[in-house]
Amino acid sequence: MSLPVSTETDRQIDGLLGRFPQRGSALLPALHLIQAEKGHIPLEAMDYIAGKIGVSPAFVAGVVSFYTMFQQTPIGRHHIQVCCTLPCALRGAGSVMGYLERKLGIRRGGTTPDGKFTLSAVECLGACDTAPMFQINEEEYGQLDERRIDAILASLK
Amino acid sequence: MAYDKLLTRNLGKPNSATLDAYQASGGYQGLRRVFKEFTPEKFVEEVKASGLRGRGGAGFPAGVKWGFLPKGLEVPRYLCVNADESEPGTFKDRLLIEQDPHLVLEGIIASAWAIGCHTAFFYIRGEFHKGARIFQKAIEEAYAKGLLGRNILGSGFDLDLIVYRGAGAYICGEETALLESLEGKRGLPRIKPPFPAVVGLYGCPTIINNVETLANVTLIAERGAAWFAAIGRPKNTGPKLFCVSGHVARPGVYEAPLGIPMKELIEMAGGMMRPDRPLKAVVPGGSSMKILPAAKCDVLMDFDSLAAAGTSLGSAGMFVMDSGTCMVDALWNVCRFYAHESCGQCTPCREGTGWFVKILKRLERGDGVPDDVELLDNVASRVEGNTICPFGEAVAWPVQSYVKEFRDEFQEHVTRRGCPLAAAAAR
Ligand SMILES: Cc1cc2nc3c(=O)[nH]c(=O)nc-3n(C[C@H](O)[C@H](O)[C@H](O)COP(=O)(O)O)c2cc1C
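Just so you know, the protein sequences line up as chains Z and W, in that order. Take the first sequence: its letters are residues 38 to 194, numbered as in the working numbering. Take the second sequence: its letters are residues 3 to 429, numbered as in the working numbering.
To be clear, the hints were calculated from the coordinates, so they are not data collected in a lab. From the three backbone atoms N, C-alpha and C, an ideal C-beta is built for every residue, glycine too. Possibly wrong hints are sitting among the right ones.
Coverage of chain Z stretches by chain W, computed from C-beta distances (three or more under 8 Å per stretch; other residues unrestricted) [stated by the list, open to error]:
1) 50-60
2) 79-90
3) 95-108
Full structure from sequences and hints, please.
See the structure below:
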């Protein structure tokens with residue numbers, strides 16, 4: 038059977054297996070590695086990591102579905118995660134979301150047809166001092182207004 | 003009052019996150035002092051004497067918690083640093099992690115030494131990509147300089163520290179859910195007792211402390227318990243990071259001694275955002291804590307003063323709401339958060355959060371019925387106290403307090419068939 042991940046990711050995961058007092062702890066970091074490579078956690082990769090760690094695929098699926106950050110299906114190249122919790126909402130998160138929906142022509146939860154953007158509403162990202170804010174992949178952007186959003190999106194390939 | 007910043011003293015200095023800059027400003031002298039002048043047992047007593055209370059939310063005295071570790075067991079002990087920082091309105095640990103990681107790291111090393119731990123974990127929420135990178139780098143610098151690993155600074159003490167990234171789940175900030183997550187599982191809180199100090203990570207005795215708590219340990223290591231205990235107020239000692247957000251002119255983290263008046267903090271944050279909109283309410287300790295209407299905001303920001311005012315300091319995530327805020331809409335938002343984040347383990351919480359969202363949505367949309375306000379209270383009373391972990395209270399308290407303090411506004415949503423503020427804004 039061919040590996041569902043690259044040999045480099047496979048090697049890194051092997052390194053994780055002995056890193057913790059108990060092997061099971063390797064699961065979350067391994068899932069982060071798989072998602073970093075694939076953009077989501079494919080079913081075959083769940084089977085693969087279950088075998089490595091010694092738990093059932095159903096257990097892995099349970100973990101994957103529990104955590105918001107793990108994607109079970111492919112998403113856009115740029116994942117726009119708009120914080121919509123109260124401290125951001127008090128400073129205009131609703132308008133930011135509305136503007137993005139109109140600008141991208143998709144609803145929250147959707148992906149643009151070219152696969153460039155996925156738009157999500159997420160809960161508090163612990164950056165309320167920069168509200169309203171969003172995170173795109175690993176970067177955070179605060180003090181958002183329409184002009185700044187235009188500039189940020191235009192800078193992304 | 004003149005107050006020299008302690009927890010944020012290095013912020014804004016060039017390269018504040020590097021070991022070189024940290025050491026140049028006296029960093030790791032506290033750890034050296036502790037190794038030289040104390041035994042681990044004596045340092046636990048020192049932390050007890052400082053009065054340091056946990057900064058993660060519950061305000062439990064750190065030294066007392068350390069004292070709960072069982073003695074004489076030949077099993078490993080673990081220290082888990084809680085860097086999950088997910089309580090809405092809270093963004094203080096992030097500041098320390100990103101801008102002064104060694105202040106936290108020094109406290110971790112001193113604490114691990116005090117409790118006899120040789121493997122510690124830094125559990126950081128998955129969304130803090132930058133923080134995880136910076137902290138990992140700080141750890142690597144520390145290993146390279148003999149501050150982590152074997153025989154730290156010649157003391158004979160060994161410590162490994164591992165960064166563990168969460169993956170997006172508020173509940174993993176709850177200490178037993180955090181342990182489950184660290185074991186590679188879904189973050190479902192455990193039944194207590196046994197408490198983690200007795201049966202924790204991998205079934206071994208475990209201490210969980212918040213990032214800011216451990217940064218305070220560094221200060222105690224540097225200057226001692228008596229000095230620390232003189233800051234703040236009796237039983238509420240030490241410096242504190244306050245997160246001020248919402249309708250203020252300059253949202254941000256402000257450092258002050260525990261016990262600073264709430265109104266002074268609002269002033270530090272530049273006062274209200276819009277001069278034409280006065281203060282309506284403040285949630286002082288993150289969204290899980292009870293709301294205070296403006297008339298009750300002449301309070302001191304510390305554990306006991308806020309408890310006396312009927313709320314709690316919690317995580318010191320203080321969000322400010324002005325007269326333009328609809329309390330039904332605000333509570334609806336808060337309840338959506340809890341409905342999304344409930345782990346689903348306990349029926350009252352899993353179902354109750356859904357009920358809250360449904361009722362609040364129909365109130366805000368103008369479809370409320372006369373009994374809805376009572377129903378909110380009723381459901382909250384069935385969630386509170388009936389769940390494995392305090393998440394139940396974390397949602398019941400906002401519901402109960404918003405309804406209690408702003409009952410007329412809730413009723414008005416029924417009688418006027420919708421939100422008066424939204425209607426006014428639309429005109
Ligand atoms: C639902 C819930 C979420 C929590 N989230 C956090 C958190 O994000 N960070 C934190 O330090 N403590 C959090 N706590 C508190 C922890 O359970 C625990 O009390 C704390 O980490 C202990 O550290 P301390 O004694 O140093 O404050 C949370 C508690 C609950 C019930």
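Evaluation of the provided hints:
1. 50-60: holds (count 4)
2. 79-90: The restraint on the stretch 79-90 of chain Z is violated, since only 1 of its residues have a Cβ under 8 Å from chain W and three are required.
3. 95-108: holds (count 7)
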